[in-house]
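Colleague: These are the residues of each chain, in order.
2 protein chains.
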Amino acid sequence: MRSTHETEGRLLEAAGEVFAARGFRATTVREICQQAGANVAAVNYHFSDKEGLYFAVLKSGAEAALKKYPPTLGLGPTATGEERLHAFVRSLLFRIADKGRPSWHGKLISHEMAEPTKALTVLIDKVYGSALKQLEAIVRKLVGRRAPITVVRQCLQSILGQCLYFHYARPAIQHIHPEQGFEPADIERLAKHITQFSLAGIRQAAKKS
Amino acid sequence: MRSTHETEGRLLEAAGEVFAARGFRATTVREICQQAGANVAAVNYHFSDKEGLYFAVLKSGAEAALKKYPPTLGLGPTATGEERLHAFVRSLLFRIADKGRPSWHGKLISHEMAEPTKALTVLIDKVYGSALKQLEAIVRKLVGRRAPITVVRQCLQSILGQCLYFHYARPAIQHIHPEQGFEPADIERLAKHITQFSLAGIRQAAKKS
DNA sequence: GACAAATTCAAACAGATGTTCTAAACACAT
DNA sequence: ATGTGTTTAGAACATCTGTTTGAATTTGTC
Chain A
5 MRSTHETEGR
15 LLEAAGEVFA
25 ARGFRATTVR
35 EICQQAGANV
45 AAVNYHFSDK
55 EGLYFAVLKS
65 GAEAALKKYP
75 PTLGLGPTAT
85 GEERLHAFVR
95 SLLFRIADKG
105 RPSWHGKLIS
115 HEMAEPTKAL
125 TVLIDKVYGS
135 ALKQLEAIVR
145 KLVGRRAPIT
155 VVRQCLQSIL
165 GQCLYFHYAR
175 PAIQHIHPEQ
185 GFEPADIERL
195 AKHITQFSLA
205 GIRQAAKKS
Chain Z
5 MRSTHETEGR
15 LLEAAGEVFA
25 ARGFRATTVR
35 EICQQAGANV
45 AAVNYHFSDK
55 EGLYFAVLKS
65 GAEAALKKYP
75 PTLGLGPTAT
85 GEERLHAFVR
95 SLLFRIADKG
105 RPSWHGKLIS
115 HEMAEPTKAL
125 TVLIDKVYGS
135 ALKQLEAIVR
145 KLVGRRAPIT
155 VVRQCLQSIL
165 GQCLYFHYAR
175 PAIQHIHPEQ
185 GFEPADIERL
195 AKHITQFSLA
205 GIRQAAKKS
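Protein chains in written order, with the numbering used here: chain A, 5 to 213; chain Z, 5 to 213.
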C-alpha cells in the first residue's frame, strides 16, 4: 500500500508514541498498527512479539536521545568543574524537556520505573552507565580526593534528583504551577539554578568530610 | 464464606497491592478478587466499576499515608528554619521508604505520574496541597522576605526533587548501587545530607537575590 | 517478462477480561 | 420462625487481545 520496506520504521515510530502514552500492557497492537498504517500482523512479522517491538522501541529511543544530546559535553580539557557540572545539568534537562521525536523515550522510562522489566537494567548498563560515570567524575573533582565515596554518591543523587524531578513530576508540576514553562529559556534558567544550588551543596558536603 | 460485611475492606487492601504492582490496566479484577477471597462480581457490586475501586484505593491510601506520617511535624513554635526543614525532609523520606501497609500508595502515584488520570489532580489538591504550602513557608523563611517567589519555588523543587528521587528512581538506584539500604538508619543519614545540601543551596540562592 | 523470496493482507483463533444475570445465603428487625 | 433487604456465588456474555494462517501482492534479480 504505502511505499515499501519502511513499515518497520513506521511501526517503531508509532509504537513509541503509543507505548509512551499508555504503557506496555495498556497498549494494543491494533492501535499501533492503525497509527502506523500497517496490518495487524505486521508487528509479529517484523518483531515477532509485542514485547520484541517494545524492546526495540526502548533501545532505538535511548540511542536517539543520546545522539541528539550527547554526553560528551563539548567542553575542552581546560574546563573547570563548575563548567562541567553546568554543562551536564543543562544537557540532561534539555534531554528531559525535549518535545521532539524521541521525547516519548522519557515517558517510557517513567513506565519502566513504575513497573520495571528486564529492559530497565539493560538500558542502565548499556546506555546510561557512561553518563553516570561522567557525573561521578565531575562530583569527585568538586568534592575533593579525600571525601569518602558515600559523600560523592549522595551529592550525585542530589543532582540527579533535582533534574529528574522535572521529568518525573511534570504532570504534578504543571498542575501546581501552571505558569511554569518548559521552553529553552526556562530550561536555561533552571539549569543555572540547579548548578548554583548544587555547587553550594557540594561545597558544604566537602567541608564536612 | 468469610465473616461478613468486610469484603469491601479486603477488596480495598488486595486491590492496593495488585494495582501498585501492575498498574491499573494490567491488573485484572479476577486477581484482586482471588487475593481478597471474594467472588469476581464483588468489585462491581461494591465499587460499581474497576475504575471506582481504583479511585477508592487511591483515596484511602493517601489518607492512610498522611495519617501515619502527619505533615504536622511535632515541632514547637520556637523551632528554627533549619529544624523545620530537617523535620519536613525526614518525614517525607520516611513516608516514601515506608514498607508498611500503605507502602503501595507511592507506587500508585508513580503510575499516576507516568499516565495521569483525573485522580492525580484531585489527590494533589485535597491531600498534598497542605504539605506543599508548609514547605513553601519553610523555604520562604530561610530565603528571606525580599527574595522573589521564583527563587522560593526553585528551591522548593530542588528539595522535593532530591527526596522524591528515592521514590521515583528506586529500581534504578538499587540496580546501580545495590549496597544502598533503605533502613531507618539509612533514611536518617539521607535526611541529614539532603537538609545540609539544601540549606547551603538555599543560602546561595538567597545571596543572589 | 519470469521466478523465488520477502512482505502485506484479510480473516480467523484461542484465551483473557470486565461486566451482568439469577439464584442462593445471610443479617437483622419483627 | 418469618419476612425483607443486603450480600455473595457461580455461570454466562460480549468484547477485546495477541497471535497465527494461508493466500495475495510486491520486490529484487536474472
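Because the hints were derived from the structure by calculation, they are not lab data. In this text the structure is predicted, and so the values were computed from the model without any measurement. Hints are supplied without guarantee of correctness; some may be wrong.
[Said to hold, decoys possible] Straight-line alpha carbon distances no greater than 20 Å define the calculated SDA-like cross-link-like pairs of lysine to any residue that follow:
#1 A/LYS137 to Z/ARG207
#2 A/LYS137 to Z/PRO175
#3 Z/LYS122 to A/GLN178
#4 A/LYS137 to Z/PRO182
#5 A/LYS212 to Z/ARG174
#6 A/LYS63 to A/THR121
#7 Z/LYS212 to Z/GLN200
Colleague: Hint check: Z/LYS212 vs Z/GLN200, CA-CA at most 20 Å. Holds or violated?
Modeller: Holds - the C-alpha atoms of Z/GLN200 and Z/LYS212 are around 19 Å apart, at most 20 Å.
Colleague: Would the pair A/LYS212 and Z/ARG174 pass a check requiring their Cα atoms to be no farther apart than 20 Å?
Modeller: The given pair, whose Cα atoms are some 27 Å apart, is violated under the 20 Å limit.
Colleague: Does A/LYS137 pair with Z/PRO182 here, judged by a C-alpha cut-off of 20 Å?
Modeller: holds (16 Å)
Colleague: Straight-line Cα separation of A/LYS137 and Z/PRO175 no greater than 20 Å?
Modeller: Within the cut-off at roughly 18 Å; holds.
Colleague: Has the given pair, Z/LYS122 with A/GLN178, been kept, meaning a C-alpha gap of at most 20 Å?
Modeller: It holds: about 14 Å lies between the C-alpha atoms, which stays within 20 Å.
Colleague: For the pair supplied as a hint, A/LYS137 and Z/ARG207, confirm whether the alpha-carbon distance does not exceed 20 Å.
Modeller: Roughly 29 Å between the alpha carbons, so the hint for A/LYS137 and Z/ARG207 is violated.
Colleague: Check the hint pairing A/LYS63 with A/THR121 against an upper bound of 20 Å on the C-alpha distance.
Modeller: holds (13 Å)
When held up to the earlier numbered hints, the structure conflicts with 1 and 5 and fits the remainder.
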